[in-house]
Every structure is written in C-alpha cells, then in structure tokens.
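> Residues per chain, in single letters:
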Amino acid sequence: MHFTARTLLTPLTVGLLCVAGPARAATGPVAADPVALAEAGPRWDARAAEHLLNRAGFGGSQADVDKLVKLGLAGAVDSFFHASAAVPMPDVLGEATLHGGLDTPEERLQMVTERREGNTGLQPELIVSLNRYCDWWVERMVKSEDPLRDRMTIFWHGHFVSSVKDVGNAHDMIRQNQFLRANALGRFEPLVRGIGRDPAMLRYLNNDTNVKGHPNENWARELMELFSLGDGNYTESDIKEAARAFTGWSRDGFDFEYKRLDHDFGDKRVLSVNGNFDGDAIIDIILTQPACGHFMAQKLLAYFEGVQPTEARTEDYAEFLRKNQYDIGKLLRRLFQDPAFYRDEVVGTRVAAPVEYLVGAARRLHIDPPGQMVLNAGDVLGQRLFWPPSVKGWEEGLAWITTSSMMQRSNMVGVLLGLVDVRALMHDEEFSTGDPMAAKAKTASRTNGFNHLYHIQQMGWTPSVALAERARSALAAGGKQVGDEALTRWFADELLAIPYQPETTREPYEWLKAQRTQAGIAEGELLQQPAAAEPILRGLAHLILSLPEAQLN
Amino acid sequence: MDTRGQGIDRRGFIVGGVTVFGGLYLLGRHARADKQPIDTAPRTLLLVELSGGNDGLSCVVPYGDDAYFRTRERVGVKADEVLKFDDYRGFHPNLKKLREVYGDGHMAIVEGTGYPNPNHSHFTSQDIWHTARATGRASGDGWIGRTIAKLYENDRQVPHAVHVGQTLPFSLKSGTHPVVCFDEPPAYRWVSNGDSIVEAGGNPEPESKSRLDKIRSVVRNARQSSEDVRRAAATYQPRVEYANDPFSQDLRNAAALLQGGIGCRVLSVTQGGYDTHEDQKRRHDILMADLDRGLSTFLADMRGTTVGDNVLVLVFSEFGRRVADNASMGTDHGTAGPMFLMGTPVKGGVYGKHPSLTELYEGDLIHTTDFRQVYASVLERWFSLDSEPILGAKYDPIQGCLA
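Chain order of the listed sequences is S and H.
For the first sequence, my numbering gives the first residue as 1, with consecutive numbering after it.
For the second sequence, my numbering gives the first residue as 1, with consecutive numbering after it.
Just to be clear, a hint being listed does not mean it is correct.
To be verified - Mimicking DSS-like on lysine-lysine, the simulated pairs with C-alpha atoms at most 30 Å apart in a straight line are:
1. K392/S to K259/S
2. K97/H to K212/S
3. K165/S to K209/H
4. K84/H to K97/H
5. K392/S to K209/H
Stated by the list, open to error - Part of the chain H face toward chain S, derived, beta carbon under 7 Å:
6. E199
7. G201
8. L212
9. G304
10. V307
11. N310
12. F383
13. S384
As the list claims (entries may be wrong) - Quick look at which bits of chain H chain S covers, simulated, 3 or more residues with Cβ under 8 Å:
14. 217–229
15. 385–397
In short, the hints are calculated from the structure, not lab data.
Note that the structure is predicted; figures quoted are calculated from it, not measured.
Note that CB positions come from ideal geometry on N, CA and C, so glycine has one too.
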C-alpha cells in the first residue's frame with residue numbers, strides 16, 4: 001500500500017525525538033485521481049482495488065493492484081468472473097495406486113498398523129493422489145488465474161463440509177472438490193441437490209446408511225442447521241421427518257445410488273408441510289423458506305466483509321438472493337460493486353485465513369511453493385484443506401489468532417522463504433536434553449504437518465526467489481542508490497495488504513540497517529551487491545510478513 | 001499488576017543504545033513473577049472436553065435397567081462386559097483404570113447433567129456449556145474467562161488460562177485477560193526475529209477493540225509465555241509414562257505446565273471424535289480406551305505431589321446421545337449425560353439421579369442436574385468465588401463432592 005508511506009518519518013528521527021504518542025498520520029490515498037465510474041459507485045482507487053484483490057482473490061503486489069485500477073471498477077469486478085469453470089484437472093484419480101514418495105516407510109507402516117487397529121480408514125495410495133491434486137490446486141491459487149473460484153471453492157469446502165479423515169479415501173474428496181469448484185459461482189440450488197448426492201458427503205454424514213425404520217439424522221440435521229437454514233429455523237421433529245425423506249439416498253461403490261427398498265414412503269411433515277416427501281422435495285421446501293436466503297446472505301457477507309452484517313444489510317442481500325434464484329455469482333458481483341463493501345469498517349480489517357495468508361505471501365513474494373508445502377503449513381496454522389476440524393468448517397476471524405498461531409504464521413512464512421529449518425520446531429534444542437529423533441516420533445503422532453514439511457525440505461526444496469533483483473529493477477535502475485528507509489518502505493508496500501502506520505516500519509528499518517552494517521555494506525549500496533543483499537532482504541520480508549498488520553487483509 | 005516490562009518506553013532502547021534484542025527479552029520473563037513456592041501450590045483446574053457428544057449411556061452403563069439392553073441391543077455395552085460398581089451402574093469395559101480411580105474414592109460422577117430446552121446442535125450446545133448461559137456467545141466471555149477475570153482482577157498480564165491443543169475453546173475466551181494456546185511445545189516460539197516481531201508489532205492500545213490491537217496483544221502474550229511453556233514441557237520428568245496418542249500427550253504437557261509453576265490456574269484439553277452417528281461401538285470403545293489411559297496416567301502422575309494434590313479434573317461433553325440407536329449402528333444427538341470430577345480433592349461417589357430410560361422427552365433423556373450446579377461447586381468450593389456473577393444466576397452447588 002504505497003500511498004500511506006509518504007508520511008513516513010525517518011525512523012531514527014522519531015526515535016530520537018520521542019514524540020508524544022505514536023504518529024497517527026492521515027492515511028488518505030495519494031494515487032491518481034479516483035476514477036468515478038458510476039454516480040453511486042464506490043470511489044475507485046488503489047486502495048479500493050487492493051481491497052477487491054484481497055477479498056475476491058489472494059491479494060498481490062503493487063503491479064497487480066495497478067492493473068486492476070486501470071480496469072476501472074466494473075472491469076475489475078468483471079475480471080474475477082471471466083475464467084472458465086472447465087479447467088482440466090490433473091489425472092490423479094487414475095493413479096490411485098501410484099506411490100508418490102512423500103510419506104516415509106515408517107509412516108506407511110504406522111498407517112497400516114492404525115488401520116488394522118481400526119483407527120482410520122485412510123488408504124495411503126489415495127492420500128498420495130490427494131497430495132497431487134492439492135499441488136494442482138495450490139498452484140492455481142498462487143498463479144491466481146481464477147482466484148475468486150478458488151476462494152469460493154474453499155468457502156464451499158468450509159460450508160458443505162466433508163473430511164478425508166471420515167470419508168476415508170481421496171477419490172471421493174477430489175470429486176467433491178471438483179463439484180464444488182464447478183458450481184462455486186452458480187446458483188445455490190444445484191449445489192444443495194448435488195451435495196446431497198455427493199459420494200463423499202453421503203459417507204461423511206452417514207446418509208449412505210440411512211434406511212427406513214431407524215433413520216440416521218446426521219445429514220438431515222446438518223443440512224438444515226449448517227448448510228441452509230441455521231439453528232432456530234427448524235424443529236427437532238423437522239429433522240427426524242426429513243431424515244426419513246432422505247432414506248435410501250446412498251452409494252453404490254463410488255457413485256450415488258437411490259436404494260428404493262431402503263426408502264421410507266410414508267407421509268412426513270417437514271417445516272409445516274405434509275406429504276410423501278423424498279430428499280428432493282425436502283430441498284424444495286428448504287429453498288422456499290425465507291430463512292434460507294437470510295442464512296446464506298449473512299454467511300457470505302460475513303465471510304467477504306469480515307464483519308457481521310447488520311440485519312438490514314443481511315435482509316437486503318437475502319431478498320436479492322430470493323429474487324435472483326439464489327445466484328451466488330450475481331450476489332458477489334453486486335457486493336463487489338457496493339460502496340458499502342468499501343467502507344472503513346470493512347477495508348483492511350479482516351483476519352486472513354491460513355491458506356489466504358500463505359498463498360497471499362507466496363504471491364507477494366513471487367514464490368512458487370510446492371502445493372504440499374502450503375497444505376501442510378496450513379495444517380500447522382489450523383487450516384488443513386480436505387480435513388476441516390468439524391462439520392461446521394473453519395471458524396473465521398480472530399479465532400484464527402492464538403499465541404501459537406501467531407508464532408507459526410511467522411515460522412511458516414520463514415519456511416516458504418527458505419529461512420526456517422522445520423527441525424527447529426520439532427525438537428527444543430535450547431531446553432531439551434532428549435534424543436531429537438525421539439522427539440520427531442512424538443510429533444508424528446499428532447499431526448503430520450511438520451513431518452511433511454521436514455520431508456519437503458529434506459528433498460532439497462529451496463524457494464526460487466530473487467528479492468534483491470526484484471527490488472533493484474524496481475528501485476535502483478541505472479545504479480541509483482537506495483537508502484534503507486526507501487527499501488523498507490518498498491517492501492512493506494509490496495508485502496502488506498493493508499494501509500499501515502509510519503511507525504510500523506521503524507523496527508524493520510532498524511533491523512535492515514543493522515544487518516546491512518553487519519555485512520559491511522554502505523547505505524545505498526545494498527542492491528548493488530545482490531548476493532549479499534538476498535539473505536538480508538529475505539529476512540526483512542520475513543519480518544514484515546510476521547507483523548500483526550500482515551495478518552489482516 | 002506486574003508492571004515490569006510494561007511501562008518501558010520502547011523508544012528508550014534506541015535512545016539508550018540498548019539493542020532491542022536484549023531489551024525485549026525482559027518482557028518474556030515476567031510471567032515468572034507469579035511462580036508459586038512449591039509447598040503452597042495454588043488450586044488449579046484441568047478442564048477435559050469430550051467433543052462431539054459422548055454417549056453417557058455407554059460410559060457409565062445403567063445395567064440395572066433392562067430398558068438399556070432393549071434399546072441398545074446393537075450398539076450398547078453387553079451385560080457381561082460392564083465393570084459394575086453398584087447394583088445399577090457400571091463402567092464401560094475399557095474404563096478399567098478409571099474404575100480403580102473410582103474405587104479409590106477419587107472420582108465423583110454427577111449423573112444426568114444438562115440444561116433446560118436442550119439444543120441438539122453441537123455448536124450451539126457447546127456454546128451453552130462454554131459460556132454457562134442459554135444465550136451462548138452473545139453473553140460475552142467463556143465461563144473460565146470470567147473465572148480468571150475474577151481471580152485476577154488486577155492482573156491482566158500473565159496468562160493464567162492455557163489450552164493445550166490447536167483450537168481454543170470458547171470457555172477460555174476473555175475480553176480482558178490473556179489466554180495461551182499451544183499444541184507442540186518445541187514449536188511454541190519464533191524461530192527467528194521473535195524480538196523484532198514483538199517490537200515492530202507495537203504496543204496495543206489498552207482496551208482497544210480494533211483487530212490490530214487484539215492481534216498485538218496476542219503477540220505480546222505469545223512472547224511472554226514462549227519460554228515458560230517450552231522450558232516446562234522440555235524439562236518435565238513425569239512420574240508415570242504417558243502414552244503417545246495426542247490426548248495423552250496433551251495431558252502430559254498440561255501436567256508439565258502445572259508442575260512448572262508458571263502461574264497456570266486453568267488448563268484445558270479436548271478429546272474429539274465423539275460424534276458417533278455410525279459404527280458407534282468400535283469408535284466409542286477406542287475413545288474410552290484413550291480416555292482411560294490418558295486420565296488415569298495424568299491422575300497417577302499428579303497424585304501425591306504438592307501441585308498435583310491441588311489439581312481438580314472436570315470432564316464434560318456438549319450432550320449425550322439419543323437413547324434409541326439408528327440404522328447405522330450409531331446414535332444421534334441426545335441430551336443429558338454424566339459429568340466427572342476427579343483428583344485428590346474429590347469426595348468420590350455418585351451424585352444426582354440417573355435419568356429414566358423409559359420416561360423420555362421426544363426420545364431423549366430428561367436431565368436431572370443442571371450442569372451449572374457442577375460449575376457452581378467448582379467456583380464456590382474450589383476457587384472460593386461467588387458463582388452467581390460468573391454463571392449469571394444462582395445454581396446450587398452439588399453437596400459433598402468437593403471436600
């Protein structure tokens with residue numbers, strides 16, 4: 001966000017003067033005159049464009065922001081809806097028995113042992129195909145050719161939740177992800193109907209064993225509570241009756257099958273309507289409930305704005321959904337052009353979810369990490385794709401921020417930058433006297449996140465990143481001298497998604513200055529010595545991305 | 001309030017020529033000010049949440065009632081497997097060691113706990129248990145958060161509530177007091193630049209509602225607790241060996257922090273996986289075995305030590321399960337279930353009344369004891385606090401369960 005930094009005082013000056021109270025400089029934009037595209041439209045400037053890029057995509061560097069500014073609001077919004085839904089996916093389903101090499105023999109043995117003990121239904125070969133699929137998905141996110149679809153796929157993954165932990169195979173999870181992806185920006189109705197027949201979901205919420213006589217309520221309950229209406233908009237009796245209607249929705253091998261003999265053909269009463277309902281009829285009834293539009297509008301607004309919407313705003317968007325066949329894409333187009341979406345309460349105040357944080361960091365750093373690195377770093381930060389913590393998905397907002405996650409966010413960006421050796425997180429060299437490998441074994445029992453990252457590092461992965469070269473071409477063309485302050489500010493502008501106060505860059509500036517001095521390089525000369533500058537600038541980037549400001553978008 | 005470190009003008013470091021690396025280090029250490037002499041350990045609480053809805057009827061089995069075997073013919077515990085302890089009740093067959101704890105008089109079972117108008121949503125019901133209010137999160141902080149705020153009205157710096165695990169439960173939530181959360185002790189640090197990050201993060205505005213200031217506060221709390229947590233966990237020598245499963249390891253780390261004397265008053269751990277809609281017998285059997293192994297080890301590790309004899313263990317779950325099973329060899333969401341109090345301070349036995357298995361409300365057990373009565377017992381008898389402001393209403397403590 002380059003427009004805030006113009007008021008940056010020399011950090012040293014601020015320090016020496018000990019000015020009373022922090023400098024609360026005005027943070028108004030200095031970008032070119034705002035392009036007013038529509039009378040009632042939001043002010044379209046770099047700040048607005050970056051906000052849109054943060055929320056509809058995964059953020060980006062200043063060059064990405066400038067591109068959006070030039071498109072104008074309508075063109076910028078439009079650009080998020082252009083890419084085709086039909087993106088060829090990697091041929092991983094056919095490679096279900098192929099061994100991909102990330103899990104160690106010990107882990108395979110452990111998995112087999114656990115399966116024998118009945119602890120998990122996971123099949124190692126299929127997990128490998130899930131990893132390969134994830135490589136593909138993360139690469140797409142980092143490249144951001146169709147970022148809104150990627151983001152909405154994550155949104156739906158956290159809404160229509162299934163977890164590979166319970167589903168037990170990657171094949172179903174990949175198919176579900178492809179289904180959510182294909183329908184991510186479409187109407188809500190096909191999503192609900194499709195997810196009700198989705199093999200992973202049938203497994204995850206046990207509807208595949210829901211038969212007449214002793215119905216299983218799991219799917220019927222979460223369909224109403226978490227997927228469509230919200231707690232308080234149905235009765236316990238509605239759930240029991242709806243569960244009867246879904247009896248017989250099952251699977252045959254890897255596919256949906258309606259098992260007529262298991263279906264309860266008796267009369268039911270659901271949400272005050274009587275009839276001999278089947279599952280589709282229940283979905284029809286749900287979609288006519290005013291609560292459905294309200295629930296989805298509220299959830300989408302809260303997700304994209306990062307603050308709970310007022311009742312009036314929720315109802316406004318709920319009515320829009322009802323009038324537009326619950327078209328989610330249309331709702332998002334409207335939202336992104338709504339001046340209220342660009343209000344101060346919303347801009348720059350949302351806590352980035354772990355995957356957004358990691359992908360955003362990779363995009364801003366121009367790093368192309370292996371998908372499995374992002375997957376496992378996300379796991380360490382509390383967001384393992386394909387493995388949501390509960391049927392409610394991930395809790396957004398400040399729930400992402402704990403004492404532990406603040407440290408790990410920094411450490412994981414350090415891993416992306418090639419600065420942090422994961423072994424330092426698996427064994428406490430300072431306090432522990434034990435055997436490092438024994439400590440590693442203990443870690444393996446809880447989460448494999450650190451272990452997988454360790455293996456990626458052991459395989460010799462290093463980031464191909466050239467921060468010194470990038471800064472030089474941006475700032476020091478023709479051998480121009482660039483001081484520590486300007487360099488710090490440039491990196492903060494590139495790496496932070498939100499406006500920042502001048503004092504935010506003071507400590508990074510001091511750090512850079514100390515490192516440069518230690519390396520025996522005169523101020524202004526750093527970019528002329530790329531080999532010496534690179535590790536220092538990576539450290540600077542690491543520090544900036546570890547700041548509280550870097551957690552918001 | 002411990003003011004060491006807090007009042008330091010960080011600009012002073014630069015002026016004085018002291019490196020920020022050295023100067024900020026002080027901040028991380030002042031949690032030790034609360035360190036208790038080893039012979040006067042404070043009273044502490046270990047909160048154990050069985051997440052997903054524990055089937056109380058398979059945990060403490062009412063084998064004396066034929067209705068149990070009629071309704072749970074397929075997923076229930078078999079009559080000859082029950083670890084009977086009176087003429088009506090017995091433990092799940094995998095609770096062998098906890099059966100011994102009960103026999104030794106260190107476990108109180110409070111039967112049929114629940115609340116009026118039970119909610120069958122995991123998340124709404126968890127919120128009710130976490131806040132002790134029917135209105136859930138809308139009521140503000142978690143009940144442990146409020147408890148810590150009462151215990152330490154003037155100390156908002158040192159984290160006294162710690163969750164061992166990745167996801168912080170709402171019960172610990174406090175708008176005023178710091179909470180620590182970790183799952184892997186060796187990883188509970190910044191590998192590099194920790195001091196610079198804290199320094200650059202800036203001081204949060206007191207009482208600020210801005211997200212940035214809240215994150216800054218968390219960064220400060222992280223820096224403060226990092227060394228204490230890592231040292232306590234890495235140097236801890238348990239008296240009994242803990243198993244390697246995640247639940248046992250969480251308990252081991254909770255024990256380490258308690259024995260480490262770093263000011264923790266409430267520790268929290270979660271054992272997940274209780275949502276047994278399907279294949280309940282196999283899954284619940286494994287959960288019971290893990291629970292038995294973990295808690296019995298923790299209790300054995302604690303017992304007889306000054307710190308350990310002042311630890312009270314409270315076990316709860318957001319609801320029990322439907323009395324009748326379903327077609328998937330599982331059970332759906334239900335209502336009332338048992339709570340457990342364990343440890344040296346407990347006067348063992350069965351408290352409250354078992355709900356009827358035949359007089360049901362829409363197929364569910366009707367609770368006989370409000371769970372907040374158990375909370376009231378902990379608050380009043382254990383922490384010597386007035387429970388009413390914390391729980392929002394007056395609940396009668398369970399008589400006699402805490403000596």
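> Evaluate each hint against the coordinates.
Here is how each hint holds up against the structure:
1. K392/S to K259/S: holds (28 Å)
2. K97/H to K212/S: violated (40 Å)
3. K165/S to K209/H: violated (37 Å)
4. K84/H to K97/H: At roughly 13 Å apart (the allowed maximum being 30 Å), K97/H and K84/H satisfy the hint.
5. K392/S to K209/H: holds (26 Å)
6. E199: holds (5 Å)
7. G201: holds (5 Å)
8. L212: Because about 6 Å separates L212/H from the closest Cβ in chain S, which is inside the 7 Å limit, the hint holds.
9. G304: violated (25 Å)
10. V307: Check failed: Cβ of V307/H comes no nearer than 19 Å to chain S, outside 7 Å.
11. N310: violated (25 Å)
12. F383: Violated - the Cβ of F383/H stays beyond 7 Å from chain S, reaching only about 24 Å at its closest.
13. S384: Violated - the Cβ of S384/H stays beyond 7 Å from chain S, reaching only about 28 Å at its closest.
14. 217–229: Holds, because 6 residues of the segment 217–229 of chain H bring their Cβ atoms closer than 8 Å to Cβ atoms of chain S.
15. 385–397: violated (count 0)
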